[in-house]
Structures are given as C-alpha cells and as structure tokens.
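8 protein chains.
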Amino acid sequence: MFTEKVVKRVVRELRGGKISSNRAFRRLKNLPYETLSAARLDHHRSIRKGFPEAVYAPGKSFEQLEKIVLAMAHAHKCFLITRLEEFQFLRLKESVAGLKFVPEGRLAYYRKSAPFRKRRGTVAVITAGTADIPVAEEASATLELMDIQVKKFFDCGVAGLHRLFDQLRELQSAKAIICIAGMEGALPSVLAGLVDRPIVAVPASTGYGASFEGIAPLLTMLNSCAPGVAVVNIDNGYGAACFVRQMLGKSQ
Amino acid sequence: MFTEKVVKRVVRELRGGKISSNRAFRRLKNLPYETLSAARLDHHRSIRKGFPEAVYAPGKSFEQLEKIVLAMAHAHKCFLITRLEEFQFLRLKESVAGLKFVPEGRLAYYRKSAPFRKRRGTVAVITAGTADIPVAEEASATLELMDIQVKKFFDCGVAGLHRLFDQLRELQSAKAIICIAGMEGALPSVLAGLVDRPIVAVPASTGYGASFEGIAPLLTMLNSCAPGVAVVNIDNGYGAACFVRQMLGKSQ
Amino acid sequence: MFTEKVVKRVVRELRGGKISSNRAFRRLKNLPYETLSAARLDHHRSIRKGFPEAVYAPGKSFEQLEKIVLAMAHAHKCFLITRLEEFQFLRLKESVAGLKFVPEGRLAYYRKSAPFRKRRGTVAVITAGTADIPVAEEASATLELMDIQVKKFFDCGVAGLHRLFDQLRELQSAKAIICIAGMEGALPSVLAGLVDRPIVAVPASTGYGASFEGIAPLLTMLNSCAPGVAVVNIDNGYGAACFVRQMLGKSQ
Amino acid sequence: MFTEKVVKRVVRELRGGKISSNRAFRRLKNLPYETLSAARLDHHRSIRKGFPEAVYAPGKSFEQLEKIVLAMAHAHKCFLITRLEEFQFLRLKESVAGLKFVPEGRLAYYRKSAPFRKRRGTVAVITAGTADIPVAEEASATLELMDIQVKKFFDCGVAGLHRLFDQLRELQSAKAIICIAGMEGALPSVLAGLVDRPIVAVPASTGYGASFEGIAPLLTMLNSCAPGVAVVNIDNGYGAACFVRQMLGKSQ
Amino acid sequence: MFTEKVVKRVVRELRGGKISSNRAFRRLKNLPYETLSAARLDHHRSIRKGFPEAVYAPGKSFEQLEKIVLAMAHAHKCFLITRLEEFQFLRLKESVAGLKFVPEGRLAYYRKSAPFRKRRGTVAVITAGTADIPVAEEASATLELMDIQVKKFFDCGVAGLHRLFDQLRELQSAKAIICIAGMEGALPSVLAGLVDRPIVAVPASTGYGASFEGIAPLLTMLNSCAPGVAVVNIDNGYGAACFVRQMLGKSQ
Amino acid sequence: MFTEKVVKRVVRELRGGKISSNRAFRRLKNLPYETLSAARLDHHRSIRKGFPEAVYAPGKSFEQLEKIVLAMAHAHKCFLITRLEEFQFLRLKESVAGLKFVPEGRLAYYRKSAPFRKRRGTVAVITAGTADIPVAEEASATLELMDIQVKKFFDCGVAGLHRLFDQLRELQSAKAIICIAGMEGALPSVLAGLVDRPIVAVPASTGYGASFEGIAPLLTMLNSCAPGVAVVNIDNGYGAACFVRQMLGKSQ
Amino acid sequence: MFTEKVVKRVVRELRGGKISSNRAFRRLKNLPYETLSAARLDHHRSIRKGFPEAVYAPGKSFEQLEKIVLAMAHAHKCFLITRLEEFQFLRLKESVAGLKFVPEGRLAYYRKSAPFRKRRGTVAVITAGTADIPVAEEASATLELMDIQVKKFFDCGVAGLHRLFDQLRELQSAKAIICIAGMEGALPSVLAGLVDRPIVAVPASTGYGASFEGIAPLLTMLNSCAPGVAVVNIDNGYGAACFVRQMLGKSQ
Amino acid sequence: MFTEKVVKRVVRELRGGKISSNRAFRRLKNLPYETLSAARLDHHRSIRKGFPEAVYAPGKSFEQLEKIVLAMAHAHKCFLITRLEEFQFLRLKESVAGLKFVPEGRLAYYRKSAPFRKRRGTVAVITAGTADIPVAEEASATLELMDIQVKKFFDCGVAGLHRLFDQLRELQSAKAIICIAGMEGALPSVLAGLVDRPIVAVPASTGYGASFEGIAPLLTMLNSCAPGVAVVNIDNGYGAACFVRQMLGKSQ
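Chains as they are written, first to last, in this note's numbering: chain A, 2 to 253; chain B, 2 to 253; chain C, 2 to 253; chain D, 2 to 253; chain E, 2 to 253; chain F, 2 to 253; chain G, 2 to 253; chain H, 2 to 253.
If we strip away everything but chain A, and leave its shape as in the complex, we get (with noise of 0.2 Å):
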C-alpha cells in the first residue's frame, strides 16, 4: 500500500531520462488510485490463497444474482453465495459451470483451482442445538473453501453438560472454535471456562418468543462472564469463518 519505493524509481528514471516526462506523470498521478488498488490487488491476493469473496443472495433479484455471479466467475478463481435457496441455484447453474450447492449450508460455491488441501490443524464448529445447524454448515463450508479443516460438534448445549465434556480435549486441540447457540446461547461463555482456545462466537436466529430473533443469545454472548470470548452478527456463519481464517494468517 505504500508507495515510497515507486515514488523513489520514478524519480530516478525520470532523472535519468529513462521516462518521458509525460509517462512519468501518468504514473504519478495515479498513485494514489494505485494506492487504494493496492487494497484491492491484496484483497484479491488474499482471495487467491483461500480468502472467498461472498455474494449475499437475498433481497437480489434473479437477474442481478446471475449477472454478479457471472462476473465473479470471471474474476475470480473461488467465491461463493450465501443464503441461497436450492431453486435460485438449479437456475444459475444453468449458467455457470461448475457452481456446486451445499443445502445444509444454504449456499453455493464456485472453485476453479485444484483439490481442497487440508492444512494441518483444525477449527472446531461447535452448535448447542440442532436448529443451529445451517449456521454451523455455512461456517463450515466457507473455512473448506479456504482450506481450513473443519471439525463439527454439533448438539453440545448446556442444558447436558456431559455432551460438551466428552468433547473436551478435541475442543482444546482446535486452533479456534466457533461456537453457535441460539435461545439462551449460554454455551460460548461455558466453553470460555474451560478451554483456552479463541471463541468466535454466533447468536443464532433459533428459538421463540423472548430470544426475539437472535437478540437474547446475542446479549449473552456480549456479557460473557468468562474472557476470551468475540461475537459476530446473529446467524453469520460465513463471518465468523472470514474472522477465524484473518486469526490464523496466510501462513497457517
């Protein structure tokens, strides 16, 4: 992003009357764009080692979803759709090859590259509830597409604290944990007392009533009383992976 280095050669080559004045110009007025594409170019050089670009279905018509998933395919070697709904897939599937659908996910993804290539060391998925599951795959399948081995337990709420106990020492072995809980969404905080591993944790939509769409296990999570403990936005599986995959770096 910085361009001292630019800057410096420009000059010299200008000095040295390797460059026309006016080619000289035309690179240096554009530094600062080339700056803020430097931005861009590393988003992009992230994108390429793992780092998916995410389309957000709803709320786009079929026609603007198929256009910007053309684009993207174009574009991009990797990226995938969240939110979708198997009927808008059979569709744009049509168009695009090679998209394929993970429907306990509720989305799509898109790799032209080689094989997925497991990393050693793994991030574990854990869920309190089954209801919680689609937030769980969504996460889930983003960290795949970033080559991100995933290891899921799913059903652990506290309401049987056995069910988490058994899964203890594989959850403590994670290099992170994200963790989805809806109703009370108590579990983050329990696990935050017992392991030592980074809990990235998602409120879920799950439950009735009083849990108002996510906002009681939202609070919960806010307020852990045991640190170690970050939250994302209710039912943002695919966040909370960009967030875990941004933790462990581009050299995990």
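Note that these hints are calculated values from the structure, not bench results. Fair warning: there could be bad hints in the mix.
In silico negatives: residues of chain F with every beta carbon more than 12 Å from chain G [stated by the list, open to error]:
no., residue
1, ARG16
2, SER22
3, HIS75
4, HIS77
5, ARG84
6, THR123
7, LYS176
8, ASP197
9, ARG198
10, GLY250
Simulated pairs of lysine to any residue, SDA-like, Cα-Cα distance not exceeding 25 Å [stated by the list, open to error]:
no., chain 1, residue 1, chain 2, residue 2
11, H, LYS19, C, HIS75
12, F, LYS152, G, GLY250
13, D, LYS113, D, GLN65
14, G, LYS176, F, LEU91
15, D, LYS68, G, GLY250
16, H, LYS176, A, THR123
Using N, Cα and C, we set each Cβ at its ideal position, and we do this for glycine too.
Got chain A; can you put chains B, C, D, E, F, G and H on it based on the hints?
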C-alpha cells in the same frame, strides 16, 4: 371465600325469627364484601404463618415510610422493608422499636414473635458473582423471616464451572434453588442441566454495556434451554423468596 | 453424581487384588465422565419417572426431525414433539408407530408405557382468553405425559372477574397453577392476590399492536405486584409444565 | 374560532361609516391571526373557566422559569407549574406573590380569582400503590384548579382486590376515573371490567427492573382487554386531568 | 353491581312466606356471584343499550370462531367480530343468519333488534391518511352499532393543514373526536391545539421503516404537547369507540 | 399566504361602493380559508414546477388505489405511485392511460407534460451495495420526474474504499448526494469526511440479524462523526429526493 | 483533492533542474498523504470560509480538553467547543486567550479573524418549546461562526398553531430552516406542509416518560408525512448547522 | 484438564504399596474436583504466562473489594482491578502493597514477578476519537500485563480518513488490531476493508442521543460489511485484550 354456610345460617335464623329482617339485610348486603375480605383475612393468615408483607422503600418520602411502617408494626407480627438505605433505617428505628437492619440485603425487618424456628429442609441461594450478593441477601433474609432455612452459595458463575461442581451435592439436596446472575446470566441454565430441583432465576442488574441493566440475563433466563427454570423481575430477591415460600406450602 | 463410593470400592478392590491395575485405571480414568454421565443417567431416570424429553420442531428439516424422533423412540419410553404442524405429524407417523397428535396443543407425543396413571392432586391450567388455548394445551399435554392430573380453566380474563371468581375454590385447591395470558397479561397478578398457590405465568403472543408479540404480558408478569408469580418464556407451555413437574418433585 | 360575526360587524360598521377604512383594515388584516388567536382566546376562556395553562419546570433555568411565570401571572388568572422542586418554588415565590405550592403533587399554582367553586359530580383519582401518589396529586391539584371535585382512592392495587371492591360503589358513581399504576399496571384493566365509567389510565414510573421506568404499565394499559380505557403519557397526571376536563365539557 | 334491592326483596318475600327457605337460599347463595354477575348483567344491559360485545377473530380456528359466534348470537342481541377476513365471514354466515359484513372495517356484526336509532350529537372520526381508513371504519361501525352517530373526515393529515382547517367547525361541534394516524401520527396533537373536544387518538400501523408498525405514532400521541389527548392501542378502532361510548354515558 | 392586499382591496371596493356588503362578507368570511388554501395553491404551484405528489401504494385496496390515481391524473400534471407491485401497475394502467412503470424503483409515474428537461448540475445517488438499488432507483426516478439530473454510483460500500475513491471527483462535483446504505450503513460518514457536499443519508432495510430491518444503519447515520449528513426514513428514496429538491430550490 | 497540478509541476521543475531529486522525492512521496491531506486542507479552507471544527467536551478530562484546545487554537482560525460546562470554560479561558462562552448554547468558540461578516439571506432556527432553546442556541452560534445570519423563532409548538402562523412569512423567506422539537416532535411535519424550504429537524431530549430521551420526536421526524424534512441526531444543534452550511455552499 | 497421569500414578503407587489406601482414597476422591480444578490450575498457569485475572470494581463495597484483592494478592502473581476510581485505589493501596494505578485506563494492577518482558510482535490499539481513550488504555494495560507489546493509534476516526491512512502500514504489520469507536462506530468496518489483520471491535459508550450508550456502534460493528471483524461488549477493553491474548496463544 365462599359464603354458603353464612347464607344458610342467616336464612335459617330469619326463618326461625331469631334475627330481624333488618339485621338479616345488614348481614346479607355485606356478603360480597365479607367474601372479599376473606381474601384479606386469608392473606393475614398467611402472613401470620410466616409470610411477611413487604414495604418497597424507594420513591416514598420519609414521612410516608414512617407512617406506613408504624401502621404495619401495629397490624402485623412480621414484615420487612426492602431497598432501604441505612440512613433511612436509622431514622425509622427511632419511631419503630424492634426494627432490625440487614445491610448486605439492603432491607430492614420487624418480627414481634418468638425466635426463628428453623424448618427441616433448606432453600439454596446461589449467585454467579459477588456483585449479585445484595439480591441474594434480600432473598435470604426474606426466606429466613418466613422460617425457611437458607444455604448460601456465592460466586459460582459459569466462568469457572468447578466452583459450581463443588456445590452440586448440596444444591441437589435443597428443596428449591434461588439462582441470581447478572452479566450474561447463564448460571440457571447450566444449573438446570445438572440438578433436578426447581430453580427460581433472578436476573441481576450487575454488569455494564450490553447487559442493559439486567435485560441480558433476563432474556437468557427466559430462554433457558434446560427445563426447570422460572424467572422473576430483575433484582427481585424478595419476589423469588415469596414464590419459593408459595411452592413449599404452609405445611412445609 | 458423586463418586466417593465408586472410588472407595475401586481402591478396596485394587488393594484386595480383586481387580487389575489396568482395570482400576480404566474405571478411574473415566470417573470424571462417569460423574458427568451421572447427570445424564439421572436425567434418564427422571424421564423414566414421567419427565418427557421434548423435540422443538420449528427450524428442523423433515429429515432431521425424522432422524431425531426415531432415535428418541429407540432410547426413551416417552417424549414429545412441540410446535408440530399436522402435516409434519402425518409424515412422521409413517416412520414412528405409536406417535399421537394433540392438535389443540400443536404437539405429538410418544409413550411406550402402560396407560396413564393419574396422581393425586391436580395442577390448574388457566387462560385469560380463548386465543391462549394452544399454549394451555401444550402445557396440559406435557403435564399429563408426566402423569400429573390437569384441570383446565379457559377464558377467565380480568375483563370479567366473575368468570374468575367462580373458579377460585377449585384454583385454590390445586397444587400449582399455570396461568397463560396475552394482551395485557394481568391475570397472574390478580390471581396471585386471591389464591395462595404458586403461579407459573406464561405470557402469550396473542394480541396485536402494543402487545408486541408477547412483550407486554411478559413485562406485566415480571412486575406482578402480588408475590407468588414466576415467569417462563412467551408461549412456553412446555416449559411451564416442566417447572411445575420439578416443583412437585418425584415423590408427588 | 369562527369569525363570521366579527366580519359581518366590521362590514356593517364600515358601510355605516362608523369606522374608518384604516380601522377596518387594521381589524380585518388581523383576522386570520384573530381567527387563530381565537384558539388562544378560546383557550383563555377555557382557562378562565377552569382550564389552567401549565409550565413544565424541568430543563428550564431559574431565569427562564421566573420570566415565564411572571408573564403568566400577568396574562392569566390561573395557571400551574408542574414538576417543580420546593427550592425552585421558594425562589419563585419571592417574585410572584400568590404562588402556592402543593408538595405532594410536585407543583405550584397561581389563582387570582375567588375561592374554589365545587361543581356537582366528582372525578375519582385512584392509585395502585403509595408510590404513585405524586402523580395522583398532580392530577388532583389540576382538577381542583379547574373547579372539578376530586375523590381520592390511594393504594388499591390488584394484589388485594378487596381494597378495590370496597370502593366500587363510589368509583361507579364518579363522572370519570383517573387510574394511576406503576409496576405491572393492571389496575385499569381490572377496574374497567367492574365499573362502566370512562377510565383515563396513567402509567407510573414507579417500580424497578423490568418495569423499565413505566414502559411495563404503559403497555399493560394500552393492551387492556376490558374496553373503556384510554392512556396518557407516563407520570402525566396533569394530562389526565386535562383530558377529563375536556370530556366533562364547559357546561359541567 | 349492588344487590341491595334483591336482598331486601328476598328477605321481604321470605318473611312474608312468599318464597320457601330453599328458594331463598338458592337465590341468596348465588348473591356473590350475582353481584359479580351484576357486572355481567350490567354489561348485558349496556350491550342492549348499544354496547356490543366483540369477538377478536385472529388466532382462533374457524371451529372456535363458529362456536363462540353461535353462543353469542344466542345470548346477545348485538355483537361484533373484529379483524375478520371475508372468507371467514362467508363461512360463518352459513351458520349464523343475520350476520352482516363491513368489509372496509374488517368486521362483521350481528344485531337482532330494530333498525338503528340515531341519537342527537355525533362523534367525529378523522384519519390522517387513506391507509388509516380500515381502523376508522372499525371505530365507526362499532359506534353505529351503539346507536351513536358518526361523521367521518378522512385524509386530513398535517402535511396539508388546509384540509384540516376546512373541517374545524364541524370537528368542534362533535361530542368527541376519534383521531387515527399512522406514520408520524402528529394529527391528534395539532387537532388538540385547535379544538376543545376530547380526542381519543388511535395510532395506526400504516407506514414503514422507522414507524415500526405503529410505535412512532403511538409515542407521538402519548407525548402530545397539547392537552386533551388520550391514546388506545395501535389499530384499536374498536377500543376507541368503546371508550367514547363510555365517555358519553348511557343517557347520551 | 398573506392576505393584506386582498383585505385592503375589499375594504376599498366596499368603501367605494363597488361591491355589496353581502359580497364583501362572503369574500372576507372565507379569508382564513383562502389564506390556508394559499398553502394548497402554493403546493400546487410547486407540484406544477416539478414536485410530484406521491401515492404510497401499500395498505390500499386496488379500488382505493384506482380511485386516487384517477383523481390525481385529473388534477395533476405529474405524480408518482411508490412501492407499487407490477401486477398492481398492470391493472391500474388499464384505467389510467399514460402511467409508466419503473420496475427497479418499484414505482409508477404519470407525466402529462412535455419531455424531460434536464437542468444543469446533477445529484449523485450512491449505494453501498447492490441490494440497496431499489431505494436508489426510487430516489432517482423521483428526482428525474422533478427535472433534476441524476448520476448513479452503485455498490461503493466501505468494505472496498477504492471503489469509492475512484468516484470522488464526480461525487465532489454533484450539487448534493443521496447516499443509501444497509447493514452497518457507514458509507455516509466516510463520504462526509471526503467531500464537502450535503449528504442525504437513507438507511436501507437490507441486511439481516442485528441490522434489525434498517435500525443499525439508521443509528449509524444519525451518529455520523463527520458533519454534513442528514437522514430520512428507512428505505425512503422518495423522501430523500424531495428533500434534495427542496434544497435546490425552484430556481435551480 | 486531486493532485494533478502538483504532480505536473514537480515533474516540470525536476525536469528543468529547478528542484533536486531529493526534494522531488520528498514532495512526491507524500503525495498520497497530500492527496488525503487535501481533504484536510480543503477542510481547513472550508473552516476558514466559515466552517468551524468542533470539540465535543463531554467524556474528556480537563487535561485532554486543554491540550486539544491549545492545539486547535494554534492550527485553526476558528473553532468551537460544544457541550461545555461554564466551570470548564473558566479554566480553559486561562490557557486560551480569546475563547468566548455562549452559555445559552452550552458552547465556547474561538475566532481569530476579523469581526463577523453577515451574508445575505438568513437561516431560520425555530423551536417548539422553551426547553429546546439550548439546542437552538448551539445551532445558532455555530451558524454565526460560519458567517451565516440567523433568525430565531422560539416556542412555536403545534399546541398553539397561531404562534407558528404569525411567523410563516418570515420562515418562508429563509434559505433553510433548522427546526428543534422535543416531546412529540410534530413541528417539522406541520411546518413542511406550510412552507417549501428545506427543513433540518433536530429531535430534542426534552420531555419525559414515553418521549424516551428524544426517541419519540426522532421517530416522528423520520416518519414525517410532509416531504422536505431530513433529520440529525438528538440534541445535535451543531450537526444541523453544519449540514445547512454544506447545503448553502461556499459561494453563498 | 485430563487426569490420566495422576490416576495412573496413584494406581501404581497404591499397587506398589508406596501410599496407603487412605491416602489413595483421599487423592482419588478429589479427582473430579482436581479435574475441574485443572481448569483453575490451567487458568493459573495461563495467568502466570501473562493472563491476569480481573476484578470488576463497580457494585462492590470497599470491604468486599479489599477482601477480594487481598485474597487475589495472596494467590496470584498478577491480576488487575478494572473500572476502579482513584479514591478507591488510594484506600486499597494501604492494604495491598505493590498495587499500581493506571488512571487513563481506570484500572489498577498487581504484578509480583520480574519486570515486563516484551514479546516480539505487537498488537495495535486504535481509537476513533479521544473520548474512546479510557477503553483503549484498559485494553492496553491488560495486554501489557500479559507481556504483549502495544502500539497505540488514537483519534483516527473515519471523519478524516487521512489520519487513518497514515497509519495503515503499521496497522497492517500488527498481529491483531483492537479497534475502539463510539458514536457511529464505523472505524472497524473501514479498517477491515484496508488491512487483513483480525480486528477485535469494541463499541464505546461515548456519544449522545441516538448512540444510545453504545448501542449504535455495537450494531454497526456487528453488521460490518467487511469480513474480519468480531465484537466484544460495550466499553470492554479488558475483554478485547483477553480475546487477543487467546488468539495469540501461549507460545506467542
């Protein structure tokens, strides 16, 4: 509350000439009120049996408070004043001999009768943190005024489950559990998965930020995924004690 | 849940040469899990004694539901499925023989064991309006599956107190009262001033406008000025029944 | 509000030469304003008949308050200052002779005219608890300044219905009822099922926790299942009195 | 509600031998209930005089609705069913002859008695926009069933005050004003500054975004700076009509 | 709105005998209304000059919509119908010739007058994401009906600032900027730090979970730390366009 | 913000040997920053032309405040400090000569330059009540520091529309209107129906109960049914002034 | 957390006669607790490695605080007390030698061990405004107590992006970024689009009006359109630091 016997007797006496029409009328016309007074009498009776009426101090002027407390001391054998500041107590005490202050529970009580008579069985009062103790002490003092034995378990929050597990045997043997928690308020859910006693959950206004003065633990408790939890108002230690008293019944 | 006896016996047997080191180790190393499994076993035991596990149907695909219900039918003698649509039931029934539907309570139940055995004493289930009946039926069906006798009092809202007063004698004789109310939700407060039974209040999402899907009655019930009321989640008839079951204890 | 008579008279007088063109113009050009002033004049007239303008004290500096009150005392025969602290009153009194303080209603009033003239018929002002009394006194003082007779019924909350039932006959004979309740605010609903008088409900900010400074009783009152209840702002005793005054009309 | 006359007559008749002890007992033993039924009977009386009982249709199955409506048609001379869909009405009509539908008010009514008898004086029903009309029609139909004359003023919102000013004379001459507004709901405040009639404000759930299904106009109306406004629940045209009926009294 | 001249002329004419008393009276008595009608006339004038009246379609029956649209087409040269479904448009079009549909903006418009006359200067309409486009198109279509030139910048959210930076020069040269953003709604804040044009921010209901149907971007925009941002209702593209029109003035 | 000219000149001067490579590098290497500083410089320029930077005082220690204000006084010709307590001002004044306090607007300002130069045209600042005046004075003082003439209209709330109507001619002739209202906040809606000037609405936190510290007027203003209203944060007089300044442009 | 080795050794020693049955029993019977204590011990270990336990001061009496802090100083080598007032610190210091106060972070810490040992790599702590600094200092002090190097970037809000751009290179090279913002809280979103480091966002309660004590930035951060952001509670600098510590792992 039901007046059949009274009506029958009046009819019989009137028929038998034992009472005049006027007197019959006077007695019968008040029947609805007597019926309803029955509720009051019954209420008195339950008070007499250990259920203390409570005066909520905030928002009352000292003059109002004093007048009410004097009337209470005249009419009742036992009552308490909740959310009382010490300086208020010190002034009240001058007018009402025999008033006792429980500073850690922010309440005063008045008890004309004989020394406390402990019943068999105990109620457990458990808090997640130390900041929840005033609410717990309000509940405990109320229970004790009702001759119910209390066992306190403070600072057993889910951040360190071992603190909770050490107490499970005793908690399991309690007749009921009053469980106070602020911040994310996950303790009742976790506890309900571990013991099979009825848990009366009290959200505490401790915490900051997204605990929103007790809304976060309130929602957590209402959404408890483990069955066996019912909830009272934020910081309402007195209410939890009364509900438990009701549960245990007169004959406890 | 407590392992003293087990530890003592293993130590004794090992000392006495009755068991090998390996066997001692294998038994002892699992102790923490056995301890925790104890919770599970105890849970099972309580289920066996009348406490049905519940499956919450919304947000589960039919495939998930079917898999869970089959597993439940294999493991448990009695369980129920709440918030089940009739069309879901009709499909489930094909896989799970013996499943019964309670349309007015929007639930299905499975009960392998002998015919219902009514206990002495009853729990009153009372609603303010007719629109609250589905929640009441969910509570009633749950109680009955736990062999607890139910007496229903529907449409006794505070708009016509005489409807309530006619029932007071019977309400007063119940072991506990589950009280469901939507709109302003004042019934539990009023009832708590009239009877001295513990009242488990269930806010209902009936009503419109400023009832905000049950928030209005929820707040009303939490703020009940008459002591003796505790609250469960909006529309949570099942939870109210479980809490009452817990209150009554195993030995009821 | 309608200026027909004025216009007709000016036209007549101008035609008859009784007033000059200039004077006619001056009077007529202000007609739209006079028309609108009519509202003000009419307002004045209603004030004179018992409808006092009110100054809301909070958020005003003493200087602003003093200036406004002096202007009011000059222009009006009767007005009141609501939510006034006693120390503010004591300073104001130095500038404005004849100002009276009603400490229990947290207001001061000014009344140049003859002694109060009680009308036939009364308005009942009823509170659920003692903490609601300041709001009730604000309503009562406002009504009395409007020459409306008040009968107060304090501490009649639904926790002890007999306290309410004892008063029903008198409440039924009132022209209207102002009903103030904090905490769960169920009193207006219950009352509306028992009497057929119009009930103006005032939610009070008394209570704590989930009463949310008056939101709980506000929602309760808006959702009243018994018809015949309308609601004003939290703690707005003055507004309830004004609405009742409007209901009773000028000719009362 | 008061049973003096009944008690006196029974006593007299018993005394005079006109009725047997048994009969006297049977009549008297029900007195508390009769007393309370008095509310019901009085309710009936008021219905007969123009106060229709209402059935709220949403959340009731057709079977429940039909059963209730048949019972109502048997017991009452006049009642209405609010928030009724046309298709529900068409089915109900087959069972209940004489049911009439008011599509613009989304309600049906039943009226056994003679043709409507218009009283002197009218109630104004005014809306801010055209989308508020269904609520206005619900209020109007309810008023008319109570033999109260209605004058409708639709689409007079504050965006074009002249539309309002043209109607002021007629509004001023109404006995009371029901004022319905969605979006920002400013109409009642503005109207209250212009006329001195009591205004029953009904927030409407019309609007979008930050009107939050009627919360915005509800808050606006509760905070009206002009005195003389009281508020009922969002969209509650029926409730506004009942309150006005109560205000006008039986003798209107 | 000011009637001085009219009053003076009537006085003069009456004085000079040019008009009769009766006629003078008739004209003068309506002055308040004429005054207020002036607002209406002025309103009409502004409409005629490019300010289209709008009909908000949701919550209106087709019959109401048709009646209103026919009346509008008769009275106005130009108006629009917002939030219109295509199927509604197709039916409306049969009655109202010349109605045009803008599907991407979910609106129809009617314009009797000559072809659009573009003014100098443009208003920029910028969105953070593609899901915000319908709101942007509503704003754009409204502006164009008011003869204001629009330049659209879609999908410039802060996640990739370079997309925004590429447009800064053009944004800076716009007369005003309408900026639509959902999710976290940070675009207006960021933009306001970069350009010195007035920014009318429109929160969009796009997003999910904790965006709460537009509350999150609404709060973000209201709290913008960069000065120069004002906010309209969630999804209110029409309102943003009208405010901009007002800002630019008639003489633009 | 665009650096073409700078780049071109540096290239030219370097080419022409007028500046050394080093100097060229030093200037060019900062170009991205200069580019971005351009925003800052432009900001400065706009400040110089009347746009004062503001320091928000609350939440800053006196030491922080003093340090910031000294730096500001060194760098800027004009700035202001909002929400400043008088005692803070008195201490600040000791360090920063030339600081002026505007007590009614709760702000201080610093202005090195020549006496105020009033521009043609004015901005109207109007309040609904007297309690809204501090916000109005904050807006007015900010506008005046930007050399924009202000005309104040205080206490023109909709409860007495004539107070508003008297001012319409002057309001209509303003370049823009800043309209502050608490309680129900209806003034901007009403005003927008009467004048065709752009109205920047500021909700005020004045009021009590259901005004919820400004939420009620905020919602009212966002839902204004009359077009031409945009809203800034609660009590944000400074922000309203800045937006208006942006609207009027540099060339005003 | 797993006790295999302990169990094996006890079994071995008992078998080998090295320990008595009694001793074996005593050690084994505590195994579940030791197991769970393991969490505590592990916790201790992590503390020793840089993870300080924290005492939250508000809501604790001085006596409670003193007792807890003395116990902590006895048991731990390092801990901190958050949200501590200076006067509380001054009293605590008398009992607990070696307590240090960090006034800008509103916390005190205790550290028995050797001087701080800086690790390689740093964590960036960045704030949007100066009012957010106390939260940033709480995070920084916590990180430094955990031997993590901190680089602070204060006052880099999005209103002047150049302030942020100047820091990008350094921010990009941090191991993680803690980003604190109040008001609209847009900084984390913008930052996440520019750097590819994990960003732990802390909403600050700075701001006023519609920032609602931190709700606005909380929602903004949860809805961040740029991936790579996770959120902790409002003002929770300590929690952000702990989460980052967890992320970096023990081996950092």
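*Any of the earlier hints contradicted here, and which numbers?*
Hints 7, 8, 9, 10, 11, 14 and 15 are the ones this structure does not satisfy, whereas the remaining hints hold.
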